[in-house]
Amino acid sequence: MPNENTPLLTINQPSSTRTTKRSAMFWTLACLYGASAVGFGAFGAHGLKKTVADPARLASFATAAHYQLVHAAALLFAAQSGNPVSGALFAAGMTMFSGSLYALVLDPARFRFLGPVTPLGGLCLIGGWITLALK
756 MPNENTPLLT
766 INQPSSTRTT
776 KRSAMFWTLA
786 CLYGASAVGF
796 GAFGAHGLKK
806 TVADPARLAS
816 FATAAHYQLV
826 HAAALLFAAQ
836 SGNPVSGALF
846 AAGMTMFSGS
856 LYALVLDPAR
866 FRFLGPVTPL
876 GGLCLIGGWI
886 TLALK
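Quick note on the numbering used here: the sequence shown kicks off at 756 and runs consecutively.
To be clear, the hints were calculated from the coordinates, so they are not data collected in a lab. It cannot be assumed that every hint is accurate.
As the list claims (entries may be wrong) - The following label-pair restraints were derived from C-beta to C-beta distances: (1) ALA790 - PRO863: 24 to 30 Å; (2) ASN758 - GLN835: 39 to 45 Å; (3) LEU875 - ASN758: 52 to 58 Å; (4) ASN758 - TRP884: 43 to 49 Å.
A quick note: this is a predicted structure, and the numbers were derived from the prediction, not measured. Where a beta carbon is used, it is the ideal one built from N, C-alpha and C, also for glycine.
Start from the sequences, fold in the hints, and give me the full structure.
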């Protein structure tokens, strides 16, 4: 039976199970992004030089791998701190930024339409850092 100590509005807290599952998902995703960044970096440093001669394209590939690796570590931190907005922005940003650069370096004519996606990915990465700072 309600009394004067009973709150008028109850606030539903997110279940700890959902938060734990989300953090685990971001943790796993960060590990996969980190591992693939190392693989892409090795491919760019050793295997890509046989097919791509343009130093600017090789540098773009290296930039994509570098940003992916750095933001995989940031995603690990976001997962550990339980910041799902930051985690989602980092994951989307890495996919759009690094993914579009990889595609544009490997086949610029075929993936030209991805050019505008790269800066959108960069904005997501910036947003991830801002939301991480605001938590």
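To see whether the hints hold, each was checked on the structure:
no.: 1; hint: ALA790 - PRO863: 24 to 30 Å; result: holds, 26 Å
no.: 2; hint: ASN758 - GLN835: 39 to 45 Å; result: holds, 41 Å
no.: 3; hint: LEU875 - ASN758: 52 to 58 Å; result: holds, 53 Å
no.: 4; hint: ASN758 - TRP884: 43 to 49 Å; result: holds, 47 Å
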